[in-house]
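Engineer: Whenever a hint applies, use it, and build me the whole structure from the sequences.
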Amino acid sequence: MNVCGIMVSKEKSTRFPHKNRKLFEQNLNILIDVCGKNNVYMFTDDAVIAEKCKENGVAIIPKTENFDDEFCYLDALRFTFFSIEKKYDYIVSMQCDSIGHKKESVIDAIEKLKNDNHASECRAFDCNGKQSGFFVFKSEKLPDKWYHMCAVVSDGREIHYEMEL
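For the sequence shown, the numbering used here assigns the number 1370 to the initial residue and increments by one for each residue that follows.
None of these hints come from the bench; they were simulated from the model. A portion of the hints provided could be inaccurate.
Claimed, not checked - The calculated label-pair distances, taken between Cβ atoms and stated as ranges, are:
#	residue 1	residue 2	range
1	Lys1421	His1487	34 to 40 Å
2	Cys1496	Ala1416	20 to 26 Å
3	Ala1520	His1387	29 to 35 Å
4	His1529	Cys1496	39 to 45 Å
5	Glu1533	Lys1472	20 to 26 Å
6	Asp1458	Ala1416	31 to 37 Å
7	Ile1453	Glu1533	30 to 36 Å
8	Lys1391	Tyr1442	17 to 23 Å
9	Lys1471	Asn1371	33 to 39 Å
Cβ coordinates follow ideal geometry from the N, Cα and C atoms, glycine included.
Structural biologist: Below, the structure written as structure tokens:
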């Protein structure tokens, strides 16, 4: 199975300063375990995150001037994917600000999407039905909008404020 991992990070966070710096490494390690470090990419303008990624053998896709501080996550994901020379069948994207995910949940999501002929995306939700911060996409169906989706339950959750830790 030909899978890449993509993370998207911005340096600035208004609600929780430098939250991505504090939270991204767990998900980066999951992507390295699932995809292999040569198949993981980080889109960022944060020098600290870029340096930690380089130390782990993860490729950096620099945030360009086309993206302001309030860019759309999916636009950055598409930009990153289409900037990669190597082609992949599946894309796993984990948000830097989500915690508590397990490698097994990511593998389950890949398998679920792989076995669903109609879905183009599999999203993770917590047990309360809230989106929990990772997605798997079929790269051939990486359009502007997603219409056919499957889902997995994950122990993870998104963090927006420091008090949520």
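Engineer: Could you tell me whether the CB distance from lysine 1421 to histidine 1487 stays inside 34 to 40 Å?
Structural biologist: holds, 38 Å
Engineer: Hint says 33 to 39 Å; check whether the CB-CB distance for lysine 1471 and asparagine 1371 agrees.
Structural biologist: violated, 22 Å
Engineer: Look at the Cβ atoms of alanine 1520 and histidine 1387 and judge whether their distance stays inside 29 to 35 Å.
Structural biologist: About 31 Å separates the Cβ atoms of alanine 1520 and histidine 1387, which means 29 to 35 Å holds.
Engineer: Does the Cβ distance between cysteine 1496 and alanine 1416 fall inside 20 to 26 Å?
Structural biologist: Between cysteine 1496 and alanine 1416, where Cβ atoms are some 37 Å apart, the hint is violated.
Engineer: 30 to 36 Å was suggested as the range; check whether the CB atoms of isoleucine 1453 and glutamate 1533 agree with it.
Structural biologist: holds, 32 Å
Engineer: Within 31 to 37 Å or not, the Cβ separation of aspartate 1458 and alanine 1416?
Structural biologist: Distance hint for aspartate 1458, alanine 1416 holds at roughly 32 Å.
Engineer: Return holds or violated for the Cβ distance of lysine 1391 and tyrosine 1442 against the range 17 to 23 Å.
Structural biologist: holds, 19 Å
Engineer: Verify the CB-CB distance for histidine 1529 and cysteine 1496 against the hinted window 39 to 45 Å.
Structural biologist: Roughly 19 Å apart at Cβ, these two residues miss the hinted range, so it is violated.
Engineer: Falls inside 20 to 26 Å, the C-beta gap from glutamate 1533 to lysine 1472?
Structural biologist: With Cβ atoms ~23 Å apart, the hint holds.
Checked against the numbered hints given earlier, the structure breaks hints 2, 4 and 9 and satisfies all the rest.
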